Amino acid sequence: MDDAQKNALKDGGINYEVALNNFMNNETMLKKFLGKYTSEKSFPALQKAMAENDHEAALMAAHTHKSVSGTLGCQKMNQLLAEQEAAMRADDWAKASALMPEIESEYEKIRAAIKAAGV
Amino acid sequence: MNTQFLNSPTQPDTFLLVDDDDFTRARLEMRFESMGFFDAKDARVLTASNGKEGVEELNENQREICAIILDINMPVMGGLEMLEILAKNEVTDKIPVFILTEEKDYDTIRKAYELGAMDVISKQTKQTVEEEEAYWKLIYRRIKSVLEVFAARNNFEQSVARQTEKLSEQNIQLEKAFKDLEFMYNGMIEALATATEFRSGESGEHVRRIHDITLLLLSETPLGKDYDADTISQIAKAAILHDVGKIAIEDSILNFKGRLSPEQMDIMKMHTVHGERMLKQIPQLANLPFYGYAREIARHHHERWDGKGYPDQLKGDEIPLYAQIVSVADVYDALVSERVYKPAFPHDKAMEMITNGECGSFNPVLLENLKTVSGKIQKLYAHKETEA
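Quick mapping for you: the protein sequence lines, in order, are chains A and B. The opening residue of the first sequence carries number 6 in this note's numbering; numbering runs sequentially from there. The opening residue of the second sequence carries number 818 in this note's numbering; numbering runs sequentially from there.
Among the hints, a few may not be true.
[Claimed, not checked] Taking lysine-lysine and the PhoX-like style, the derived pairs with C-alpha atoms no more than 25 Å apart in a straight line are: (1) B:Lys983 / A:Lys46; (2) A:Lys100 / A:Lys36; (3) A:Lys37 / A:Lys114; (4) B:Lys1188 / B:Lys1125; (5) A:Lys114 / B:Lys1125; (6) B:Lys940 / A:Lys37; (7) B:Lys1132 / B:Lys1097; (8) B:Lys940 / A:Lys41; (9) B:Lys943 / B:Lys954; (10) B:Lys1074 / B:Lys1097; (11) B:Lys1188 / B:Lys1132; (12) B:Lys921 / A:Lys81; (13) B:Lys928 / B:Lys911; (14) A:Lys46 / B:Lys940; (15) B:Lys940 / A:Lys81; (16) B:Lys943 / A:Lys36; (17) B:Lys1196 / B:Lys1166; (18) B:Lys943 / A:Lys41; (19) A:Lys37 / B:Lys961; (20) A:Lys100 / A:Lys120; (21) B:Lys928 / A:Lys46; (22) B:Lys940 / A:Lys36; (23) A:Lys15 / B:Lys1125; (24) A:Lys81 / A:Lys100; (25) B:Lys1042 / B:Lys1188; (26) A:Lys81 / B:Lys943; (27) A:Lys114 / A:Lys15; (28) B:Lys921 / A:Lys100; (29) A:Lys81 / A:Lys120; (30) A:Lys11 / B:Lys943.
Hints listed in this document are in silico derivations from the structure and should not be mistaken for laboratory results. From a predicted model like this one, the values you see are computed outputs, not experimental measurements.
Taking the hints into account, I'd like the entire structure generated from these sequences.
Right, dumping it as structure tokens:
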């Protein structure tokens, strides 16, 4: 990956160094999983469950997507989801819902960055 | 740290990683492969996306698996449920299970430990590479030390199992050697007894019947109460050699047709003394369990309860009980067998002659017991006749 690509990722909230380290500095594997991010199912599942007020599914989806974002070095997303998951576990669904717009906008940012980096 | 147990060629080298998230699985798989758990090789990693798949992978690859890395919250079958199955099948005794989870609920963690998890490790992603590496260094140490303990224990158990197997093989060989030896020494006894009978022109049946009657009186009456089964069998064997001293008696007397003169009789009586001496002169016999009995029986099987027997005129309890038993068996067998100087007496007549003192006096207790197995003794002979 060249510097332009790395910068694109960084601008989209992806900590390239941490992400690469998570894949034991294997850039091919990192690219493969960045490529899978946009078709990953837990994010649409989170949106759907929140829309349908399905608490159990929402918790599971938020939890999974938190792992996914952590693995890819999407640190802002990871923190937002940790916050949302904690709210859900505390049964504070108002807060969990209130976090959704920011989570969705972060998601779009990451998607755009991955697209811009061309991986 | 001692790592020799983790580097033997047969040591399991595969982590079973159970986590429902593809991204996490990929990350952990690469991490565990390259953490350097084994000096000579990279660890291998098998993955499963829930507890059910985890159990299936385990069943197929149990021998290769060195540890199970298990998530708690998974669809289909969660980590605790899988752990319960592992505990029930005693897998947790052989393969260490590490719970790697974001779960912080105290009850869940306690339950995991109760079910036999070795360690519960908090699953995290860190903000910097340095923090991430420090985190994994710590996990590496926690896992590696447990792996070493399990590997050492498994090696120890395997080595004990190998030793046990070796010992049982040696036992089988020893048992066979003992059997061979017993066969050989039984053969030696029979050879001596056969030589005796051959010289005195008797059939092999005589010694066999003395053996059987002795065995019967010792094992089926209170006479044998002070002996265990093995001793009884040794005494019966010793009885076979009671007349071995006859080998040393000259032919003209041993095979004299008719009643012996008092002088001839005195020579004939010496077979008791010769018998004991002969046995004494075969050093190989001295180590055998029946040896002491054989010597005493050879010398004293013509003693009588009132002291009027020979060669030592022992009286009453001075005569070893087993020698008394062989005496009465010998007399009975002589009475019911045909001799050149007498016909074969029927069973009842023989019993009567023994109990009324016509053949010398016997221990009254011995006679009482003889009567109780009288029927069985008679059958012993009927059986022999049909066999012949």
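I'd like to know which numbered hints this structure contradicts. Please list them from smallest to largest. Those not satisfied are hints 1, 2, 5, 10, 19, 20, 21 and 23.
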